[in-house]
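Student: Residue numbers (UniProt numbering), protein chains in the order written: chain G, 1 to 207; chain A, 1 to 207; chain Z, 1 to 207.
These are computed hints drawn from the structure, not numbers from a lab.
For each residue, glycine too, the CB sits at the ideal point set by N, CA and C.
Just to be clear, a hint being listed does not mean it is correct.
[Said to hold, decoys possible] Just a few of them, taken from the derived set where beta-carbon distance is under 8 Å, the chain Z residues facing chain G:
1) 9
2) 10
3) 26
4) 27
5) 29
6) 31
7) 50
8) 56
9) 59
10) 65
11) 135
12) 138
13) 141
14) 201
[Stated by the list, open to error] Below, computed lysine-lysine pairings styled on DSS-like, alpha-carbon distance capped at 27 Å:
15) Z:200 to A:87
16) A:87 to G:87
17) Z:200 to G:200
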Amino acid sequence: MTILTLLDHAAVFVFALTGALVASRAQLDVVGFVFLATLTAVGGGTLRDLLLDRPVFWLEAPSYLGSAGIAALIVYFTAHLLESRLKTLFWLDAAALGSAVAAGVGVAIEAELRWPIVLVMGVATGTFGGLMRDVVANEVPLILRSGELYVTTALAGSLTALIALQFGLALPICLALAALTTFLLRAGSLAFGWNLPRYKPSPPRTF
Amino acid sequence: MTILTLLDHAAVFVFALTGALVASRAQLDVVGFVFLATLTAVGGGTLRDLLLDRPVFWLEAPSYLGSAGIAALIVYFTAHLLESRLKTLFWLDAAALGSAVAAGVGVAIEAELRWPIVLVMGVATGTFGGLMRDVVANEVPLILRSGELYVTTALAGSLTALIALQFGLALPICLALAALTTFLLRAGSLAFGWNLPRYKPSPPRTF
Amino acid sequence: MTILTLLDHAAVFVFALTGALVASRAQLDVVGFVFLATLTAVGGGTLRDLLLDRPVFWLEAPSYLGSAGIAALIVYFTAHLLESRLKTLFWLDAAALGSAVAAGVGVAIEAELRWPIVLVMGVATGTFGGLMRDVVANEVPLILRSGELYVTTALAGSLTALIALQFGLALPICLALAALTTFLLRAGSLAFGWNLPRYKPSPPRTF
Numbered sequence: 001m002t003i004l005t006l007l008d009h010a011a012v013f014v015f016a017l018t019g020a021l022v023a024s025r026a027q028l029d030v031v032g033f034v035f036l037a038t039l040t041a042v043g044g045g046t047l048r049d050l051l052l053d054r055p056v057f058w059l060e061a062p063s064y065l066g067s068a069g070i071a072a073l074i075v076y077f078t079a080h081l082l083e084s085r086l087k088t089l090f091w092l093d094a095a096a097l098g099s100a101v102a103a104g105v106g107v108a109i110e111a112e113l114r115w116p117i118v119l120v121m122g123v124a125t126g127t128f129g130g131l132m133r134d135v136v137a138n139e140v141p142l143i144l145r146s147g148e149l150y151v152t153t154a155l156a157g158s159l160t161a162l163i164a165l166q167f168g169l170a171l172p173i174c175l176a177l178a179a180l181t182t183f184l185l186r187a188g189s190l191a192f193g194w195n196l197p198r199y200k201p202s203p204p205r206t207f
Numbered sequence: 001m002t003i004l005t006l007l008d009h010a011a012v013f014v015f016a017l018t019g020a021l022v023a024s025r026a027q028l029d030v031v032g033f034v035f036l037a038t039l040t041a042v043g044g045g046t047l048r049d050l051l052l053d054r055p056v057f058w059l060e061a062p063s064y065l066g067s068a069g070i071a072a073l074i075v076y077f078t079a080h081l082l083e084s085r086l087k088t089l090f091w092l093d094a095a096a097l098g099s100a101v102a103a104g105v106g107v108a109i110e111a112e113l114r115w116p117i118v119l120v121m122g123v124a125t126g127t128f129g130g131l132m133r134d135v136v137a138n139e140v141p142l143i144l145r146s147g148e149l150y151v152t153t154a155l156a157g158s159l160t161a162l163i164a165l166q167f168g169l170a171l172p173i174c175l176a177l178a179a180l181t182t183f184l185l186r187a188g189s190l191a192f193g194w195n196l197p198r199y200k201p202s203p204p205r206t207f
Numbered sequence: 001m002t003i004l005t006l007l008d009h010a011a012v013f014v015f016a017l018t019g020a021l022v023a024s025r026a027q028l029d030v031v032g033f034v035f036l037a038t039l040t041a042v043g044g045g046t047l048r049d050l051l052l053d054r055p056v057f058w059l060e061a062p063s064y065l066g067s068a069g070i071a072a073l074i075v076y077f078t079a080h081l082l083e084s085r086l087k088t089l090f091w092l093d094a095a096a097l098g099s100a101v102a103a104g105v106g107v108a109i110e111a112e113l114r115w116p117i118v119l120v121m122g123v124a125t126g127t128f129g130g131l132m133r134d135v136v137a138n139e140v141p142l143i144l145r146s147g148e149l150y151v152t153t154a155l156a157g158s159l160t161a162l163i164a165l166q167f168g169l170a171l172p173i174c175l176a177l178a179a180l181t182t183f184l185l186r187a188g189s190l191a192f193g194w195n196l197p198r199y200k201p202s203p204p205r206t207f
């Protein structure tokens, strides 16, 4: 199993957990859990593969779908044990975001794409699964939550991989650093409220 | 006309009717009817073709677009005659769902894809047109309506085709059974409230 | 720089301005501005390229991404100077819509696609970036605003290009006419309330 397959598997499984948690919030039935889990799990990587005109990753290896299904069932039967499903959702999403960003960056680097494309692939692969989950489930997308870092962490993670690569580090290490940076920044934002200044119009306005 | 073309045509026309009904609810103008009808009509099949890296079905045969346009006009001029547009929408959506699930399953079987992929293609082709319709029109997606079977019917329909295929039935019969199973399950849910237990957290919670 | 590249660049830059204006309304941070600007900017053209199985335009030329990023920063630092951000958003969106419709039509004509496909490509390329912007940002999509022309202007613009082509005009002129028609119709709708009759059910109903 290569580092890229590993990252894809990690992102799929953990994003599926988050999709199922959102399904529990919408009080769906068990098939709804599996649907939303799978959509979230494969959304970002599917977009990446469509954009790069590669074979979609889960078509080649249906075990990804099995993994998403198992994650959905685990949540279906255990979510009631959680102290706070919302908090669990945020933290799992942070872990999935890190893995998915690294998976997007890794594919783009292996395809020898230019650095702006690598950044976009990292951010898009990381964020689109969760974005589709939130749009379909009528939730406010995590990327819109004010006073939190989200897209920024994906961008910083992607950038970290590129910088590490410049320093001659091996690809797996670069990708691990990307995942870690993304996760730690997001964790800092969740735990300590790290953020960037939000846009504020100087005077109050009607818009 | 092969069975697959027939199913695609049926799904396009009936999904277009549902898109136009949603447009009538949003009080759009006639071009808005055509837009939403077309989006709904070709959404699921387009996703299927992009995922499988096939030529998008309506690019090869623009008659699909004409068919969606005609459906939109029919609804524009006759929707006021309906007793209940919402009820009509649900029943037409059920019929379109059945055709689209069978169309997705059929393409996946012909491409000799493995069974988990066949199931996903059935469900995705069936549900994404309606999902895009509801998301764009700011409606609660049908898949989220509580106490109803929706994704489950698509999954059961896809599974039926696979089982029928194992029993050696011809593909057109397998696909007809898939469409019928999907439609009948959805009809039972609409008419008699058939459903699966929804997720309910044991104690009341703040999440 | 060909006319198509020019149109893509114009659409990307101006749509990015609108994405950033919506980000200002959602009070995102600067990275959120860049994210929403880029999504809006490349959304329509990306869909067009995926549907037509061409290489996605910004993968080949990352300068599009730079252009979207610069547009986002301009808005981030100057939006507070605007009299009305909402009005600015509408007018910029009209200009971007015109360019994007022409870009979609141009690519479809160059690929020698049939006229219904050309119309769909014009409308889809024109409208999907803004649609994704509004769906992701939880805004009511512009295409749903009642009493305004939106999709109609894109359709009329696409049609204009096809008619001009029949009269033997050169492609760049046809595309300029498409962009102009789209923009002027949308401008007329914004300034003078031009519209098509909306669907109104005869009697009041519960649906």
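Student: All hints are to be evaluated individually against the structure, with a verdict given for each.
Tutor: Here's how the hints hold up against the structure:
no. : hint           : result
1   : 9              : violated, 15 Å
2   : 10             : violated, 20 Å
3   : 26             : holds, 6 Å
4   : 27             : holds, 5 Å
5   : 29             : holds, 4 Å
6   : 31             : holds, 4 Å
7   : 50             : holds, 6 Å
8   : 56             : holds, 5 Å
9   : 59             : holds, 6 Å
10  : 65             : holds, 5 Å
11  : 135            : holds, 6 Å
12  : 138            : holds, 6 Å
13  : 141            : violated, 12 Å
14  : 201            : violated, 26 Å
15  : Z:200 to A:87  : holds, 18 Å
16  : A:87 to G:87   : violated, 39 Å
17  : Z:200 to G:200 : violated, 40 Å
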